[in-house]
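Q: If you read the sequences in order, they're chains A and B. Throughout, our numbering is defined as the position within the first sequence, counted from one, plus 52. Throughout, our numbering is defined as the position within the second sequence, counted from one, plus 52.
Keep in mind that the hints were calculated from the coordinates and are not lab data. Do not rely on the hints blindly, as some may be mistaken.
The list makes no distinction among identical chains, and a pair is therefore deemed to hold if it is satisfied within one copy or across any two copies.
What the hints assert, rightly or not - In the SDA-like style, the derived pairs of lysine to any residue whose C-alpha atoms are separated by at most 25 angstroms in a straight line are:
| # | residue 1 | residue 2 |
| --- | --- | --- |
| 1 | K192 | F85 |
| 2 | K323 | Q172 |
| 3 | K323 | R311 |
| 4 | K234 | I191 |
| 5 | K323 | D110 |
| 6 | K56 | T68 |
| 7 | K192 | D128 |
| 8 | K224 | P189 |
| 9 | K56 | G151 |
| 10 | K224 | Q172 |
| 11 | K224 | A179 |
| 12 | K323 | T275 |
| 13 | K234 | G150 |
| 14 | K56 | R99 |
2 protein chains.
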Amino acid sequence: MLTKPPHLFDDATRVTAGDSRWRGQTSDDYWAFIGPFGGATAATILRALIDHPERSGDPLSLTVNFCAPIARGAFDLDVRLVKANRSTQHWYVELTQGGAEVGALATAVFAERRSSWSHQQAEFPPARPFEQIRPFPRIKASWANQYEFRFVEGDPDFGAAKKDAPGSALSKCWIGDRVPRKIDALSLMAMSDAFFGRIFHARGELVPFGTVSLTTYFHADVTDLAAEDISRVLAVADANIFHKSYGDQTGALWSPGGRLLATTTQIAYFKA
Amino acid sequence: MLTKPPHLFDDATRVTAGDSRWRGQTSDDYWAFIGPFGGATAATILRALIDHPERSGDPLSLTVNFCAPIARGAFDLDVRLVKANRSTQHWYVELTQGGAEVGALATAVFAERRSSWSHQQAEFPPARPFEQIRPFPRIKASWANQYEFRFVEGDPDFGAAKKDAPGSALSKCWIGDRVPRKIDALSLMAMSDAFFGRIFHARGELVPFGTVSLTTYFHADVTDLAAEDISRVLAVADANIFHKSYGDQTGALWSPGGRLLATTTQIAYFKA
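Please model the entire structure based on the sequences and the hints provided.
A: In structure tokens:
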């Protein structure tokens, strides 16, 4: 019997179990200019938690703080269940390489999500259908080529004539894995960081940029995601401010049917 | 010479230095129905970091995960500088009481903020001036009475006739300390959690509610805040979704002059 090889994303975010120390590795398929794609690192951390034998419930929130450059190769994940309650778990994770200093740290909350009153306050943003939009061309960073971006609004136009006034930082695009893969918490985590830097949109040019802290909230559990059965999301991102070398980003990931799956925010360094 | 007694808020968020273990205590002045006001706890954690001899730079982000009920009385803060770079610091904090299980954990980033291109993408939301609005009446929870809330929009109307359809979760209000106190990073941190639960607004009633994870980004450093020299902020909060016992909140804190000082987001448990 032929077994299907794993999806590139699953290969890139693979972990090997340990007792409290798990192992992962950077992936050349999900490489950014000077280090691994942060979304893949965050998803790898999430996978180590989801696969952990003591884990119960679904991911509710994950915060990853990127501390130092992560080099190509293997890394260790020190995973600790700090506190477990009846229906929630609080985790702390540190990523190190070769026993050296911490490259990333993360806190996560998992929860058994019980049925309740349910209401989506936010409205699904209008968007041209996926099929009617041309894919964004491939670029140099390998990670971006593992995704298909189809921009509804805020098409990147970096390197064109520099803008006189700051541009809009809003972008709205369909994102799916280039090799289709069913959307799960892992891909939502990675896609939370799959927006281009907001500063690039505001400035109309590429500048040195790096995510410092990334937080994602999950609004759909494994049952909800299975019911959606989708391979792409409508991703909306915007920024509030750029000031003294740091700027923020807010984002939302929607199912094509109009369900809010995750919200995300990050603060990032830039040089401009 | 008479020395001025400390502001209630400074007393409530007081810490005593230790080497890696700091001490704080809950405050009856900032008490919520079943535990300390989360904003005061978060501000106490932030104060332990700001006062730490190894701290350099200004707070950039703070994430606090509330793990377990915190009892009235003293608590310990285990404070650890996980990684320091040339211009950023990454901290991890655990709050315990009497050597028992962790009640809250937090990660923080501090940064030396260098001047850069600066642009505020978000627009200052229109609001009636503070002076034209009547203060929100005092309520049972002591913490809320340490603040003066003046609602521009989304006046709480809990306990009125239950709504047929979900209400708006948006609220916009002026918040200042009831005993005026100059806005600093500590008060911004506390005010990040000084919104009433979004679920109360959406449902038009009070229901069991608790913040699980709270993240705040600071968009003004100590110099910026000193220049503002203000004692209140315009606070805007909204929610995207309530689903399977958890709902989110997004918020922004603005200076009266229209400067975005902090953005915040949280995920909270509710029973409804």
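Q: Hint by hint, say whether it matches the structure.
A: Right, here's what the structure says about each hint:
no.	hint	in the structure
1	K192 x F85	within (8 angstroms within a copy, 54 angstroms between copies)
2	K323 x Q172	between (37 angstroms within a copy, 16 angstroms between copies)
3	K323 x R311	between (36 angstroms within a copy, 21 angstroms between copies)
4	K234 x I191	within (24 angstroms within a copy, 48 angstroms between copies)
5	K323 x D110	between (37 angstroms within a copy, 18 angstroms between copies)
6	K56 x T68	within (20 angstroms within a copy, 59 angstroms between copies)
7	K192 x D128	neither (28 angstroms within a copy, 49 angstroms between copies)
8	K224 x P189	within (16 angstroms within a copy, 42 angstroms between copies)
9	K56 x G151	neither (35 angstroms within a copy, 50 angstroms between copies)
10	K224 x Q172	both (19 angstroms within a copy, 20 angstroms between copies)
11	K224 x A179	within (8 angstroms within a copy, 29 angstroms between copies)
12	K323 x T275	between (42 angstroms within a copy, 20 angstroms between copies)
13	K234 x G150	neither (34 angstroms within a copy, 46 angstroms between copies)
14	K56 x R99	within (20 angstroms within a copy, 53 angstroms between copies)
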